[in-house]
Amino acid sequence: MQRLWINRFLFLLLATEYCSDCHPNATCKEHGGLHHCVCQDGFTGDGTNCSDIDECSSHDLNRCHPLAKCINHGGSYSCLCPEGYEGDGYHCRAVASFAEGCVQASGSRNCSDPCVTHTVLDQPWRSTSYRSGSNCDQDKIGWFQFVGSGGRRMPETCVPVSKCNTVASMWLNGTHPTRDNEIVRRTACADWGGNCCYWSITVEVKACPGGYYVYNFDGTPACTLGYCTDPNFTENPCPPCKREEECRLVDGKWSCYNSQEPDISSLEPQLECGAKEIKVSIEKDVLSELGFPSVIMYLKDYRCSGFEEEENKTMVSVVTPAQADRCGTQLTKNETHATYSNTLYLADKTIIRENEIKINFHCSYPLDMEISLETAIQPIVSSINISIGGAGEFIIKMALYRDSNYTSPYEGSKAILSTEDYLYVGVMIASGDTAQFVLRMENCFATPTESASDPLKYYIIQNSCPNTQDSTITVPENGVGSQGMFSLQVFKFVGNHNLVHLHCEIRLCDNSTEGCQPSCSGVGNRRAAGTGYSLHVGPIARKGFETFLVAAAPASHGLQDMWKIVLVPVLMGFFLHPLA
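Counted the way mature numbering (1 follows the signal peptide of the UniProt record, and there is no 0) counts, the sequence shown spans residues -22 to -1, 1 to 558.
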């Protein structure tokens, strides 16, 4: 026993010695008597250096639903369903308040028409002509259709007690829909003690093509209560229709209407190009007239399907986030605009017609400093989340751009420029109260290493003003709004230095109480009040020296990890002290 304890001690001692240089996100492994460091799940590297894998950077790395937002964490990620949807983020489905009138099918958010997906009730004893009984319908939750000799619809007049094989009989206090595909909300009542509506509960009724109604029940208020049928309505109300016709309800009358392939040229979808999402809507009446009484709408990714509007039940809509590759949406860009395009597909009930109906749509957004980042595949950007007491949460970003319009960010794992090129740097408040606070760049400087405290510095902006000794530096905006920007000609540090790292110390200035715009006349430049934060981005490599990146990077990291952005907030217990 003592020897076993000694062996374990020696093993741990050797493991500690051999694995002393393991990264905090690595685990010491033993194989064949040898010890080595292995990065934990969600990290990549050689074990001595481990960097986080950003699963949200690619849809192939995460299992989030197409509509969900992917949130990267150290070594993992999470998914969040958007507003109006519920689920764990891996599966998102429309909630009743957002897509009321839809029925969830097989656990997905693909909504089916209740005229298609419902439960049939065919018991003849539901007729009001039937005697008393013990039936209780508290378990009847969802959409139901009445069929058979007992009747095809609920009675619209008070039903006495002890009918329909129950004690208290539920009847519809109101009229049925008078238009095809119309959904009405009514009260279902049950008589007791001479009060025709002693018990009551809200139900929904929809008129379906083909001469029948479906009812959305939520159980009954008590037992023993049951839903009844009117024996005066046992026959199909539709007249005989020709093969190319179908029966629909129009102005309270069931009639035959031509069901030939619709002329989609009369379709005029309503397109809403929002900041975060794009919505396409079509009027249900137009769809019905064109032969789509029970339409199913979906995008290129069929999981992004249609729903009925909660506030406007005359419309059927489908939504896609304004992001590339979400719901099958494609992104194209030019120098001035980003355009998101997708295709809306229409199907009649659960089938697709031979001539598949497709409606192409797109939304174009003028590019600016922030939107261009959203449309970039892998921008070189630094981001920091900060909180200001009483003013809420803020997100600040800093990015590298190719052009003087600040709309073409550098993408990929590195920026390679010659000393003849100009570099454009933008800093912005991406989220927060921009009405009260403006962004002010206090000090922006370059170093040959990623350390902001490197003694070798070249100041681009100092005390909020540009370096006047460098004629290539311009500062178009600083301390006047939600963004700051500067540009300069690319340079290299003297000596054996081929990389440049950029650092910016910024402040959020309360425009209502402080003078935030810097005065760069040489006198009277008062620093804005508030707490400082630092953003860091880089490195930038000179053309002809790209191979240095490979030689300098750890063997397990490669280029992508070498270019990992460092986020160093100065406040709230992080690494740097508040700026003086």
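Because the hints were derived from the structure by calculation, they are not lab data. Here a beta-carbon is modelled for each residue, glycine too, at the ideal position from N, C-alpha and C. Keep in mind that a hint or two might mislead.
Straight line, CA to CA, 25 Å or less: simulated DSS-like cross-link-like pairs of lysine-lysine [stated by the list, open to error]: (1) 231 <-> 220; (2) 392 <-> 311; (3) 521 <-> 470; (4) 231 <-> 257; (5) 278 <-> 231; (6) 278 <-> 392.
Cβ-Cβ distance ranges computed for the label pairs, FRET-style [claimed, not checked]: (7) 120 <-> 234: 27 to 33 Å; (8) 459 <-> 2: 51 to 57 Å; (9) 111 <-> 303: 53 to 59 Å; (10) 10 <-> 381: 54 to 60 Å; (11) 178 <-> 261: 18 to 24 Å; (12) 36 <-> 247: 57 to 63 Å; (13) 319 <-> 394: 29 to 35 Å; (14) 398 <-> 459: 46 to 52 Å; (15) 5 <-> 248: 40 to 46 Å; (16) 398 <-> 337: 45 to 51 Å; (17) 429 <-> 18: 23 to 29 Å; (18) 440 <-> 490: 23 to 29 Å.
Among all the numbered hints in the text so far, which are the ones the structure does not match? Hints 4, 5, 6, 8, 11, 12, 14 and 15 not satisfied by this model.
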